[in-house]
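Protein chains: 2
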Amino acid sequence: MDYPPISFSVSRFKQERLTEQILNHTIDFPWLATQFIIFIFITRLSQKIKHVNLFHFVTFRQAVLPSSGQIVHNIQQRYWNSMEFRILSTDGNARRGIIKTQRGDINTPAFMPVGTLGTVKAMSPDELKEIGAEIILGNTYHLYLRPGTDVITELGGLHKFMNWERPILTDSGGFQVFSLAAIRDIKKTGVHFRSHIDGSPHFIGPIEAMKIQGILGSDIAMVFDECIPYPSSFEYAAKSIELTTSWARICKDHQNEKQALFGIVQGGMYKDLRRKSTEDLINIGFDGYAVGGVSVGEPKEEMHEIIYFNAPLLPPDKPRYLMGIGDFSDMLGAVDAGFDMFDCVMPTRNARNGTLFTSLGRVSIKREEFKYDDNPLDPECACYTCRNYSRGYLRHLFLSREILSMRLNTLHNLFFYLNFFKNMRESIIEKTFMDFRKKWETIIT
Amino acid sequence: MDYPPISFSVSRFKQERLTEQILNHTIDFPWLATQFIIFIFITRLSQKIKHVNLFHFVTFRQAVLPSSGQIVHNIQQRYWNSMEFRILSTDGNARRGIIKTQRGDINTPAFMPVGTLGTVKAMSPDELKEIGAEIILGNTYHLYLRPGTDVITELGGLHKFMNWERPILTDSGGFQVFSLAAIRDIKKTGVHFRSHIDGSPHFIGPIEAMKIQGILGSDIAMVFDECIPYPSSFEYAAKSIELTTSWARICKDHQNEKQALFGIVQGGMYKDLRRKSTEDLINIGFDGYAVGGVSVGEPKEEMHEIIYFNAPLLPPDKPRYLMGIGDFSDMLGAVDAGFDMFDCVMPTRNARNGTLFTSLGRVSIKREEFKYDDNPLDPECACYTCRNYSRGYLRHLFLSREILSMRLNTLHNLFFYLNFFKNMRESIIEKTFMDFRKKWETIIT
Numbered sequence: 040m041d042y043p044p045i046s047f048s049v050s051r052f053k054q055e056r057l058t059e060q061i062l063n064h065t066i067d068f069p070w071l072a073t074q075f076i077i078f079i080f081i082t083r084l085s086q087k088i089k090h091v092n093l094f095h096f097v098t099f100r101q102a103v104l105p106s107s108g109q110i111v112h113n114i115q116q117r118y119w120n121s122m123e124f125r126i127l128s129t130d131g132n133a134r135r136g137i138i139k140t141q142r143g144d145i146n147t148p149a150f151m152p153v154g155t156l157g158t159v160k161a162m163s164p165d166e167l168k169e170i171g172a173e174i175i176l177g178n179t180y181h182l183y184l185r186p187g188t189d190v191i192t193e194l195g196g197l198h199k200f201m202n203w204e205r206p207i208l209t210d211s212g213g214f215q216v217f218s219l220a221a222i223r224d225i226k227k228t229g230v231h232f233r234s235h236i237d238g239s240p241h242f243i244g245p246i247e248a249m250k251i252q253g254i255l256g257s258d259i260a261m262v263f264d265e266c267i268p269y270p271s272s273f274e275y276a277a278k279s280i281e282l283t284t285s286w287a288r289i290c291k292d293h294q295n296e297k298q299a300l301f302g303i304v305q306g307g308m309y310k311d312l313r314r315k316s317t318e319d320l321i322n323i324g325f326d327g328y329a330v331g332g333v334s335v336g337e338p339k340e341e342m343h344e345i346i347y348f349n350a351p352l353l354p355p356d357k358p359r360y361l362m363g364i365g366d367f368s369d370m371l372g373a374v375d376a377g378f379d380m381f382d383c384v385m386p387t388r389n390a391r392n393g394t395l396f397t398s399l400g401r402v403s404i405k406r407e408e409f410k411y412d413d414n415p416l417d418p419e420c421a422c423y424t425c426r427n428y429s430r431g432y433l434r435h436l437f438l439s440r441e442i443l444s445m446r447l448n449t450l451h452n453l454f455f456y457l458n459f460f461k462n463m464r465e466s467i468i469e470k471t472f473m474d475f476r477k478k479w480e481t482i483i484t
Numbered sequence: 040m041d042y043p044p045i046s047f048s049v050s051r052f053k054q055e056r057l058t059e060q061i062l063n064h065t066i067d068f069p070w071l072a073t074q075f076i077i078f079i080f081i082t083r084l085s086q087k088i089k090h091v092n093l094f095h096f097v098t099f100r101q102a103v104l105p106s107s108g109q110i111v112h113n114i115q116q117r118y119w120n121s122m123e124f125r126i127l128s129t130d131g132n133a134r135r136g137i138i139k140t141q142r143g144d145i146n147t148p149a150f151m152p153v154g155t156l157g158t159v160k161a162m163s164p165d166e167l168k169e170i171g172a173e174i175i176l177g178n179t180y181h182l183y184l185r186p187g188t189d190v191i192t193e194l195g196g197l198h199k200f201m202n203w204e205r206p207i208l209t210d211s212g213g214f215q216v217f218s219l220a221a222i223r224d225i226k227k228t229g230v231h232f233r234s235h236i237d238g239s240p241h242f243i244g245p246i247e248a249m250k251i252q253g254i255l256g257s258d259i260a261m262v263f264d265e266c267i268p269y270p271s272s273f274e275y276a277a278k279s280i281e282l283t284t285s286w287a288r289i290c291k292d293h294q295n296e297k298q299a300l301f302g303i304v305q306g307g308m309y310k311d312l313r314r315k316s317t318e319d320l321i322n323i324g325f326d327g328y329a330v331g332g333v334s335v336g337e338p339k340e341e342m343h344e345i346i347y348f349n350a351p352l353l354p355p356d357k358p359r360y361l362m363g364i365g366d367f368s369d370m371l372g373a374v375d376a377g378f379d380m381f382d383c384v385m386p387t388r389n390a391r392n393g394t395l396f397t398s399l400g401r402v403s404i405k406r407e408e409f410k411y412d413d414n415p416l417d418p419e420c421a422c423y424t425c426r427n428y429s430r431g432y433l434r435h436l437f438l439s440r441e442i443l444s445m446r447l448n449t450l451h452n453l454f455f456y457l458n459f460f461k462n463m464r465e466s467i468i469e470k471t472f473m474d475f476r477k478k479w480e481t482i483i484t
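For the record, the sequence lines run as chains Z and C.
Counted from 1, the first sequence has number 218 at position 179 by this note's numbering; the numbering is strictly sequential.
Counted from 1, the second sequence has number 379 at position 340 by this note's numbering; the numbering is strictly sequential.
One chain only, chain Z, in its complex shape:
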């Protein structure tokens, strides 16, 4: 665990217990300050204690607080307003931060494994926790169609349904409605479409997207947006961001309790539109800001330009999420530009197809040269797969289409991604992010 170095101002007091509480996030600075003011107030009132020192304060806290745990909890909840973001360190524009939610902390820059249908494919929740996943993604469109919101309502929300107690971010379904479904009609209130599974007719707009995400009970919800294809004309893109902004406003008005809401910047490859979209969203005000509509077929250079252009326009004190990007050099560039959150099916989908990421580069496990290879997949990797199995065995499992192949490969790839992000976070703290970036850009292309 790499943890925020925020304890120095407390360690001056040399009160280990307090430090521990703060590190464990069972108490927060503003609340601590409030306590201190109350304490001073009481001691001044009573006038019995002449020289107030820290020992008195700690004694006071120990006497009063154990019985008021629930009050502390309630105040914390209200204070955090379901989510809090702190930047702990920066290196250039790269940010090392922490998102605090009621269901746990998310260290940023963060990679979020994708759990489309209420399961990260091939993984168990226990395995995800073991490899250090702090947040996963759920897909609103997919879960709405299968198993359906009625089922998830009955079965106690997405966390309970899938046995995952850590944070979940849900997309709004916008991307899938526009990319998977057969669209019949786009209106100001939403989209009429047909299910990609059985062709049944459905309608989702911003109100519906917020309602579904409320039922799913995710910790971070996304606004319902239109993700336009590449290339799109300036006129179409301009009209689209108007629609997306109006939808974002409706989403904000329908924000669910105890659920953070992120806006999504669109505007295609047009910088003017990106700027306008960003400003409109900031005016509405969100808990975090995502950049969507990139990596939709445009050339890499164009994508990188948009990423570097868009990042500094976003509020610095809120998490910045670059949607759907999982390529290592793209992610490194985006962190360099100031993005904090990422999601992609690359590690999981590639794993099932036998493409694995290692400290030696990208590897296709079916290669003939691995047939008799007794070495671990990645000699530098500490994952369960690399600790216990040979390349020869992994190749055999893959060629035999065994389920264990998909399990071991997915476990490795996700571990590799999460470990990569862990090391990246450390590099930002140590102000060596550019070295980190250069090193990995040459290894995994």
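To be clear, the hints were calculated from the coordinates, so they are not data collected in a lab.
Zero decoy hints are in this set.
Ranges between beta-carbon positions, derived for each pair: (1) C:246 x Z:414: 27 to 35 angstroms; (2) Z:355 x C:193: 50 to 58 angstroms; (3) Z:427 x C:187: 15 to 23 angstroms; (4) C:411 x Z:285: 29 to 37 angstroms; (5) Z:438 x C:400: 35 to 43 angstroms; (6) C:399 x Z:427: 32 to 40 angstroms; (7) Z:399 x C:143: 30 to 38 angstroms; (8) Z:427 x C:239: 26 to 34 angstroms; (9) Z:438 x C:143: 25 to 33 angstroms; (10) C:132 x Z:427: 38 to 46 angstroms; (11) Z:355 x C:418: 48 to 56 angstroms; (12) Z:399 x C:222: 41 to 49 angstroms; (13) Z:355 x C:187: 57 to 65 angstroms; (14) Z:478 x C:222: 55 to 63 angstroms.
Once the Cα atoms are required to be at most 30 angstroms apart in a straight line, the calculated BS3-like pairs of lysine-lysine come out as: (15) C:310 x C:226; (16) Z:199 x C:168; (17) Z:168 x C:405; (18) C:410 x Z:199; (19) C:199 x C:357; (20) Z:405 x C:168; (21) Z:297 x Z:315; (22) C:405 x Z:199; (23) C:461 x C:405.
A few chain C positions that, by computed beta-carbon distances, are all more than 12 angstroms from chain Z: (24) 219; (25) 239; (26) 340.
For every residue, glycine included, the Cβ atom is placed at its ideal position computed from N, Cα and C.
Please arrange chain C on chain Z, whose structure you already have, making use of the hints.
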């Protein structure tokens, strides 16, 4: 863990450490007796100690043994001759026993999960250990074709290859050669056939089967046999058991070091031939005896008749293995007849097809009635699946064809089988096997 109640004769001495060693099987009775004789001999020789008591013996052991751990190990290995079978308790003809191998104990009656291609489908070795699998099966024919014996040789044998350190039983490949492959020619020395995967020509006979099983390094090997179809004529069956017996003799002559070898009784549905086959095998002499060629399409009554007829013909002091039988009522009948070991793909294959075994009976998880069902699959089951997931979630995973569906279902079914056998073993010790049998025959039909 249900463990052999053999410690009473030692606990009389009230030497806890010794008891523990015996229970852990780090020391064995005959070796302990040998030690005691050596001890008496030395003390008599020296004549310094007048009244020898247990304290002196324990001191002697403590002083001498730590440095001679390897000697103990070697002697134990030679003594056990790679496998030892003890019957701990009986109830009628049902036997509660223990098979001791160098890689660990197998409590009988035992169910052996099938790991055809070097993996029990959908499971990790850790999960298998966690649910109490003490031995698994590997398929010689399949592993010979994929990944091939050259690969398994290079990668250190089947145990290391698949990361499973507990016992493995390998079939001889006979059954698959006769059921899966395209047979070209059956000779006295073996069978010419074509691979079911790519049509490539191969030859396996008793010598080859033993050689392959030696490379796999299984703890229990099976003789190469012909498994005849149902129905077969008396003449064909008679000719076949002559061939199978001659092959069994060759296998015995080629038995691998540190590997037990089981004979396989054949003879179709003809009792005379079953008797002859059994007698021939006993004359050759094996570490255990299997009954093959049942459940090949014959009516249940005929199968049960053969099972009850064949069991008492087998040597009572050797493990008895009924091959390929996994139906609960069949297994209960076979244990009642005196069988000790079972294997079947039923729990794993059915799991992948959504058919689950529970204390309430057999269940198809896709049933509409489970859609909103928040209950565990089996309220009486303590497996990971039942502890953490609802029927509604399992149904959703199955309908969505998620990999986690196959994992959770397989884990449950195997846990159910292994737990069923654990309870069955206890019932034999408590002499309540018939009650156990009656109870379960009505639940799972």
